[in-house]
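Could you use the hints to bring the two separately framed chains together as a complex?
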Amino acid sequence: MSVELDVFVGNTTIMDEEVYQLWLDGYTVIDAVKVRREGGVLDECEANADVVLSDTMDQYRTFQMCERLLHSPPKLANQLLFQITPHRQTILIERYYAFDDAFVREVLGKKLSKGTKKDLDDISAKTTVTLKSCRRQFDNFKRVFKVVEELKGPLVENIRHHFLLSDKLAKDYAAIVFFANNRFETGKRKLQYLTFQDFAICAGQLINNWTVGAVGPDSFVDNMVEDMDVDLDKEFLQELKELKILITDKDLLDQHKSLVCTALRGKTKAFNEMEANFKNLSRGLVNIAAKLTNTKDVRDFFIDLVEKFIEPCRSDRWTAADMKLYLTHYTNSVHILDTFKHQVVWDRYMGVIKSCIFKMYHD
Amino acid sequence: MPGKLKAKIVAGRHLPVMDRASDLTDAFVEVKFGNTTFKTDVYPKSLNPQWNSEWFKFEVDDEDLQDEPLQITVLDHDTYSANDAIGKVYIDIDPLLCTEAASIISGWFPIYDTIHGIRGEINVLVKVELFNDLNRFRQSSCGVKFFCTTSIPRGYRAATVHGFLEELVVNEDPEYQWIDRIRTPRASNEARQRLISLMSGELQRKIGLKVLEMGGNAVVGYLQCFDLEGESGLVVRAIGTACSLEKLSSGSILNTHTHPNTAPASNACNSPSKDGKESPLAHGCRSTHNSPVHSACSAQRLSQNFSISVPTLIFTGMGSGGSAGKEAGPLKTLLRQQTQTALEQREFPFFTLTSFPPAFLLHVGGVVNARSVKLLDRIHNPALGNTRSYKLLDWNSVTADEPETRDAWWEEIRQEIKSHAKALGCHAVVGYSESTSICEEVCILSASGTAAILNPRYMREGCLDIGSTDHRFEEPSPPTCGFCHIPYDELNMPFPAQLTYCYHCRRQKVPDVLFTTIDLPAEAAVTGKGCLIQARLCRLKKKAQGEVNATAISNLLPFMEYELHTQLMNKLKLRSMNALFGLRIQISVGENMLLGLASATGVYLTALPAPGGIQIAGKTPGDPSNEQHLLTIQKRINEATAKNKELYQINPPELTEEGVGSPIPEPRQRSRLFRSHSESSDEISELDLSHGKKDAFVLEIDDTDAVEDIHSLLTDANPPRGFYSCNTETMPGIYNWTSGIQMFTSVRILRLNNTNLTNQGLNKIFTDLCENLLKSFYFKLRSMIPCCLCHLNFTVAVPEEELIQVAVTAVAMTFDKDQTQEKLAEKLIPKGGSDTDEQLQFPMELCADSSTINSQPSSKISGVPESTNISSRAASVDYGSFADRCSTWLELLRLKAHTIRRGSVKTSRRTQSLAHSVSSLEHSSPLPDGRSRSLRSSRSFGGSTVTVVKMTPLSFLPGTRIIKYLGIINMFFIRETTSLREEGGVSGFLHSFIAEVFAMVRAHVAALGGNAVVSYSMQDCVLMENPNKNQAQCLINVSGDAVICVRESDQDSLASTTTIGHSCSSTTDVTT
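Listed in order, the protein sequences are those of chains A and B. Basically this note's numbering = 1-based index in the first sequence + 6. Basically this note's numbering = 1-based index in the second sequence + 1.
No lab work stands behind these hints: they were computed from the structure. Note that CB positions come from ideal geometry on N, CA and C, so glycine has one too. Some hints could be false.
[As the list claims (entries may be wrong)] EDC-like mimics (lysine to aspartate or glutamate), calculated; alpha carbons at most 20 angstroms apart, straight line:
1) A:Lys81 - B:Glu997
2) A:Lys138 - B:Glu984
3) A:Lys138 - B:Glu983
4) B:Lys765 - A:Asp56
5) A:Lys81 - B:Glu983
[Claimed, not checked] To spell it out: a stretch of chain B is covered by chain A in this simulated footprint if at least three of its residues, at any positions, have a beta carbon under 8 angstroms from a beta carbon of chain A; those stretches are:
6) 740-752
7) 766-778
So here's chain B without its partners, still in its complex pose (with noise of 0.2 angstroms):
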């Protein structure tokens, strides 16, 4: 007997009035975990019961724990008639299983219906007892932890990361079940929620042995969808990243990774020993979008697949099994060796973080994609007769010969990205993510990564120090540009590229763009700010069922990749970017067209060559007016990229040519032709015109498709003065947040009446609607002025035929105008914390302290081996003269073994300053639990019992430190209504709909003792309507991080609210 669950049922209130005659209710609550049910007292004529009943006892194993969630029923009695159930709660109770998490639950839970929406609020406490379990062949997973967090979270040291997880479950879909014809539509609901509560109870669980088996103790980057394949059932999959976490404490390893971007200008001086310097650049679960399905499915199989690596186009069949590695330098094939032996043993070297601890990432490849088309079949389930009310496959009881399942497509899918990064030079994928979008019985399955070489180092056991050992592996570059760096082979490139040697360090090669999928690293140099970009794309395409539809959405795919390719090509040109990063390409399946989406968020890489402008082309000279056309076009052009220039504060440095040397192994410098067009991408020309302009791109005009593309890339709007916008963690180029945000869900759905439309029209259709969304965010966030909306997370579906619908979850932060460039001060700081104890004591006088720091260039800075900008700056002077001697590609090849030594006796001295501060700043216990309560209830204001609840996409909250995570809330919601017009229509019934939603969230983070949810995500959004009904029905599925966080004492001024005053006094506690 593992485990005893307690739970104890305290008052209600606002309850809905359920006696019409005495406007009165007689409330009493059924609290059921698995197959056991208890009952409170009827608690008569009353809103606002009081029940305070004893505490009701499960014994249960501890699998069980995992996967049911506690279900509260609040029900009406009724001496005569049958008790109507005024709503649910379910408890996840699994934060309650990990010891480090949450110790209780406690709190007011909002009750919910799925006909009526929150009914009203219950107090309940929920206890968990848990004995040792010495079996080893449990079945449960409790303490693995779970993060959506795609980066280490803050406070947290990865000793190891081990690798990919995934697991998938598949069950039937209650809604399709023969006994929803006679069941109502609540009881069909709740069905499902639970079904899908459990389903996904048990996925976790499954994850969690998989971690166990791996020796971790913690999934990192954890992604959970659902595919409503209508008939043919219900998958629950989940992704996520295996890592041996450790707790940052005192006295421990070194706190690696310098937050620059979030934290404080004096952060570290006065953090206790949990520090939430890590990487601020991670992002929430990425999401999916499905449709939902209603058809029959068929008996016959297809699939079709394609994928394609960018920056460039490569193709693949199916079975082709895409290009072997190719053989690349000698020092790359040593580096990979060494990587290969923790890697190879993986099935999939694949990471779902999008952020990483400094020297985790060597090096870069691009973005790998790989999309299938399959049609759906009714999945196979021999749990058939199983003793719990649902039934599940899973796919290790799969055998061989069994019809293909869904673990099979996946795999397959895997298996391209993996070649698809192998023919890229690289080992691995990062900033990993799988999607579908289905629609009837065709289904399109989606995953894109970045294929990158990673350090091996944090690969295998027994290797934990980071920097003690291992020498030979770090990094030969500085981490500002080691990570641009090409880790394929230049002489066999796996596409045309133009190299050019790194404008940073000047020693190796660089491509001329670069895409990922991951966040920008903390340590990149990077020139001005960054900017949101989007390509956007809708393709008609024929009705057509089964087989044909499948052929026909295949055929249609790589040309939708290619012209969204070229269209973030061309827009990246035009605001004189090189690179982009947290690229996520979807594409929707409507039953009459495709949509596509990309969006990223382009910078200015230092490291990487400038830009050649946009030069428009025509194609047949000579005729006058059209040549005048060409330059007025050309003209506007050139004024748009001049203003973005001066918007996105792109003045990089000018560079000498000298010392570089021959930048291309082609004799001649060669100019993509990146030319959209709509029927055929195999035009493409590689013409030579090198109009006197390097790198000159051009865009030839030879159809009025070609002019439509133009007037398209120049009507995306910049975003209104004050700001700014990125899909990324945060802004490049903005480093001094405050304290403001605001996260928002909207969502827009669009019908096409015009049965006529071309494809020009209904792109110019959804690039309108992309661009006004964004307006209305700038204008409904105006009065967060100057601000920056981070993590924009589009989705797009095409919910029914003529229907386009786009969600998006993003946080608008606000930061500090007056001082961007603190960059380099913040990185200062944490090191005078370190330098002098007395300085400790004073943290607010340090805080003081730093404008002026921040302001003198001492000459103590160029000894901070922090401080990258300079330190790289040095180097690359180190560097570029060093190249200027070395010609030949076997000098630098010595030279960088040269630098291998160099650099590992660098960073070893690095690690030691480091040991030193975060030792001396760490003489103390981490905060006690007490203290965290009672900020808790300190946050509650004006006599109210509601704790205020921050959430945000993002794996941090700008100015507080994360102290503690409680656990991963996962949380699926069906509402339906069959009064929509009452309701407000459809917008008003969404609308409350997404504020219960929150609600929901909010009270159960409050519940577990945090403040605030990090990494937040809707993965999916799904709403049928049926207006002539009156009825929509939707479904939400959101997760995120709950944690708390106490605000940084020294992010504000002195004299400010209580809150600071309190964590400002438990800091000087702990330091002193």
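Pulled out of the complex, with its shape left as it was, chain A reads as follows (with noise of 0.2 angstroms):
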């Protein structure tokens, strides 16, 4: 005796959130069930083994086929095979499109192609994410990346719409599609102290601030340029290049020293250290900016400022108030020098790597 066939269909699609979340977490069927039952779901109205397992099996056939809608969220209130409510409709979509940070951290930077796709195994391994959501989670990240190439305008916007997300989900699609196209690098083993997030709200700061829709709408009569938030903005890191005249001119590196050290002396403990690493430190940060015109040096913008500023200090034993105190006047103190002629540069690029390091400078 055998069950050939097992159906439950609503009128209004029934939808057991628990089992959704598994389904997504890739587990099987078989061990569903398991997990379910040692959540005590046997407890709830009688049921028994039989009982769950049928469950489960409708819940995964249903999510299976809700999973085509789910590939562009827009159709999902559209279409007409299932009656769901709006409330729940978002949540499918928010569910669908959530990542493992694990996973994530893995894929960050990669380019989206077949060839990361056949390394998913590996990286399942690593994570103990299972493969199958892996996969969910890499295709999430395909398509809306493959979306989002083509169109214009910017860029949360643009993956909030067509994939009706929330507004943070959306913005770490956002910083994961902007990594994804500059193919930044975050694999090596010194970056792998810092978070999905970390990362994250760095993007934040590069499309907001270094792209080319970053500089406003007056530069530009039609502000919808394909790819605006994306790229990073040419004509600014051509500039870029004009600060190394901080490093390279002696009386400017200099007065910009005496200037910084004037400042903090008194202030801090590290004092005597960021004094003696002056000079270091501020050849490093202006070299990343000068080199940035190389596409091979934007991918390892990352690594750069951890081995060029974030490391030394670290082994100074800075605080993170040092570093904000340090970074704040080391800015400031620009604008002081008369010589200096790029200060609009030195601001959107400082502004940016400010916010980074702070955000990149912990264990």
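Rendered as structure tokens:
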């Protein structure tokens, strides 16, 4: 005796949020039943194992049928096949596009290509996220990437509009798209301590300040430029080369150092280290700026920040407050340098660098 | 030229990619009606084409308008090869032919393909201009309203109930024509879908004509079924009840029926004219299940009939014609004579209704049931060479010397039913339904109903004003118990039963148990709550062919009926209940087994005597170990009974026996023995087992089978806490429904791999299957607690050897647990509303007051004629004291005559006050059409264009009022796949198909301007699979009534959603 067929279809589609999560997490039906039973579901409504199994299979089938619609969320609201309340729809979409930090950390900055997809089983083994879930998350990244790639206008807005995601999730996706597009290196051992959220905030800074779209509507008659939030502003990167004068001109360098040291003296325990390392650190930051015209160096942006700035500071045991203090004065002192003519570029550059380093300076 | 049909194709969306190269589609649309076809332009390279076509006009006969569907085909244009079909939409334009229903069809329809399922959507506008046709010999019946609802639809009043309607049309099944060998599965499926659409259109038209002939204007309780008889053809048949319905409008006649179950506390206070206060107790079309048939037919025919009337077992062989009507008491004869004038002309005094206006149903006799086993033959088809693409045979054209047709078969069965009703002293059958089960060339035809005596005034012309004339026929007994009183003569009973005086009025006799196929009358007095009771049975039979097979089946049937009945009776006793409503016994035939499933809702009728407990008796007393065993079983049964009593809150008031008089004509109290036995039923013995306890119900244990039976009796699990279940419209004992509903369909198929199964083993498997299904429902719907599964409709089938299929459609409804005893209050509130006009303007305030009115037993209450509980209690005191003095039948008779007069006076007073209440409520116009449109648009959410459409198998939606019926929905779909594995196996295939069917029903309702389907039912779900070939095919037939409903503004608290606010304001508009 065996169950040949078993279906349950409600006029309003019945979805159990717990089962949905298990499905998203890539559990097989059998495993999901096990988890549910351990969670005490059998105590509800005098259920038995068969009932839970049948329910889980039904739900899994429903989710599989919905999955096609979830690939283009606006369709979910217009489709006729499933009657789902708007509230439920929002939950379905948001959860479907949610991702594991551990997983995204692995693919952040990688090309969203078939090659990467082949490595998913390794990533799955490493992160203990199931392969099925890895695939879903990877496909989500890729799908969002493909859709916004061809769109004009602000990135976050586009994502939110085309995938009906919450503000927070849309921003995270913008970061993922931005990283994938510029292929930032995030996988090196030295960067392992950084979380996805660290990178996401940095990406937000970069998008808001360094891209073509960041310049604002005044500089463009039509601000609906393709990829305006995805590609870095080439002109700006070119202009960054001018900052080199801060380290090549000896007078400027000394002047800058004395201004910063005057301001810092007595305000921090790490003053001596700051004074001793000033030239090194300044060279590091300015060199990063000057090299950003090379795509290769753009990719190494974060690793450079860590190697050239964060690591030296950390070995000198600067506190986060020290870091803030130092960078604030380091940035502001340049304004007093009369001979330095690139104040706007400097601010645009250091604004982002400051925020990134603040975010990245932790254990 | 009586009609002009206009259609406009607006746009498409979500179309599938038809051109792999460009990932786009060049779509265009063909619009076809009859033999005329129009095409739109090709909209190149888009998945969301905007055709915005001109209006395509078809000038057609109204006959065609009724028969034909509008056929819309979406295609992909291909320059070099043939155009590829994307899919089709069939639109039934019947709702547009009725002035009161929808005026336009407009909306997004799913584009459906029988191989691929839904493939995008298309936006269509359809209108009809009808010209008056003065030809009295016309063949069309436009304007006759159809309702699946098996009660008088809300907002209408039945002026006359004309009677039974039946019709069937027969045709060859395209699937079995020679051409099917060379055409594609898609073409074959489409031919079938189209044919069935045409046939049901024609059937509906013909039924409509009959209604017009009878002088009616509507069909209520319309039930259409398909018999897929394989090579012998395709039968589409329908039954219904012809009525003359009147719309309730301002100043019109009283609304006779207070809605006790669902109406919120202050229901009537601010309901405008078209009030939804009709009985809630109706249920949708019942379903038949047909097994697919493959084999060739034989030339011989055989018919084996037998029938049974429950609660006894009267076996009637073919030709016996049943027993003649017996002489009843003089009063009953009088009553019957009056009624017969109305009913006599009618061939079949049958009614498909299951719930009635008050005072319509006078007495209920019991369930009448007839089955007949037939061998299918190729249907004789005289209409060959017809100009139409399909050939039809209707029964009018069959002359006497032609071969036996389906009509003759059904007529035979109906005669049988009629004679059974007569034997029960009844002149009518209510809650009537018919069904078939087909396996290969064998077909079981079944009909069942409830024998009853009806109030004749509904059946006669010129007698429209209820209560104003014919006082003689006012029912002599209070409505709370009147229907339980026996219609037959107690001295000459058709079957042995135990009679007592009614526990309510103490004046007339009632049986100890009552089985019916109808819903519990709204005014009936019930103790505690009800519950679903099922009897399940499997019987193996040898595989055989032709006549041998048919004989074997018809020999098994009586035993199955008997055992099902025994099981029901035992389970009823175990729950301490004494009546069954909504009884539906289904017997399904397979190649090597028969399946029987009886479902009903058990209740404790206050008017009937309390059932005695179940007692176990062993055949061999003396054996000590056996005694011990019996004791433990007895203990378990007693425990279960006690637990059930508590669970269903059955605490009948202890009535003193004095004054009841000698309850039964027999000198000794008798207990009938119901013992289940697999081989023989002729051992029914009547033991005198007055084990001290009255009415003791004895189960004798003599063999292992009996032990098994008792075990199975005890294994039926009660629903978990917070759940109730029933198969009637609503749960007796629950009155305060809240608005949460969830309709669902569930199908399960079990494969029996074990070939050496015994009857017992099979029974266990089948019982577990049903029990597990119920458990699954409870589990899935646990978030709705407290809730009740209503109208649980189980359909069993044996689709193939070794397969058992169970399909269930039901609705889960939430209710408010805190105030389950609101029935009384609800009845008071409308009266409060009618008393003072000022209150009408402050409906909310009134609503708040309702709880206080509810809680205080004011002296006013007893004066309210509407509060049945009170009035009947008062009546029972009255009658009781009379009964005290009357010990003889003759005296009782005289008394009865007296009360008839009294009753009439009382009723006329009631009607007056009611009329007053209604007219004061209804100095208003019904909601204009525009409003419903705006309601509809306000319903759509968050930028989406999809209207939320609720579906329910019940005739109402809790917390809402139906303001308009838009027409009948009757759809038939075929889905086939050749990639079963890829679609997730049979489960995946059927799951998506059912979801698609729901989607298409919702889309059609939304396009008609509606927001709900009531009386929804799935008549057929036939699944054929061949996993080895990776193929499956499924046919589904669904029906229901499309309606517009608005929320009861006072149902929920003041601060709630905008919809409520909207309807609130609308009602205030109307009332002020």
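Hints and how they fare:
1. Pair hint lysine 81 of chain A plus glutamate 997 of chain B holds up; C-alpha atoms about 16 angstroms apart against a cutoff of 20 angstroms.
2. Between the alpha carbons of lysine 138 of chain A and glutamate 984 of chain B the distance comes to roughly 19 angstroms, so the proposed pair stays at or under 20 angstroms and holds.
3. Between lysine 138 of chain A and glutamate 983 of chain B, the direct Cα distance comes to roughly 18 angstroms. Compliance with the 20 angstroms bound is thereby established for this hinted pair.
4. Among the hinted pairs, lysine 765 of chain B with aspartate 56 of chain A is consistent with the structure: their alpha-carbon atoms are about 16 angstroms apart, no more than 20 angstroms.
5. For the hint pairing lysine 81 of chain A with glutamate 983 of chain B, the CA-to-CA distance comes to about 23 angstroms; that exceeds 20 angstroms, so the pair is violated.
6. Only residues whose C-beta sits within less than 8 angstroms of a C-beta in chain A count toward coverage, and the region 740-752 of chain B has 10 of them, enough to reach three; the restraint holds.
7. Counting residues of the region 766-778 of chain B whose C-beta sits closer than 8 angstroms to any C-beta of chain A gives 5, which meets the bar of three, so the coverage hint holds.
Hint check: a violation occurs at hint 5 only; the rest are consistent with the structure.
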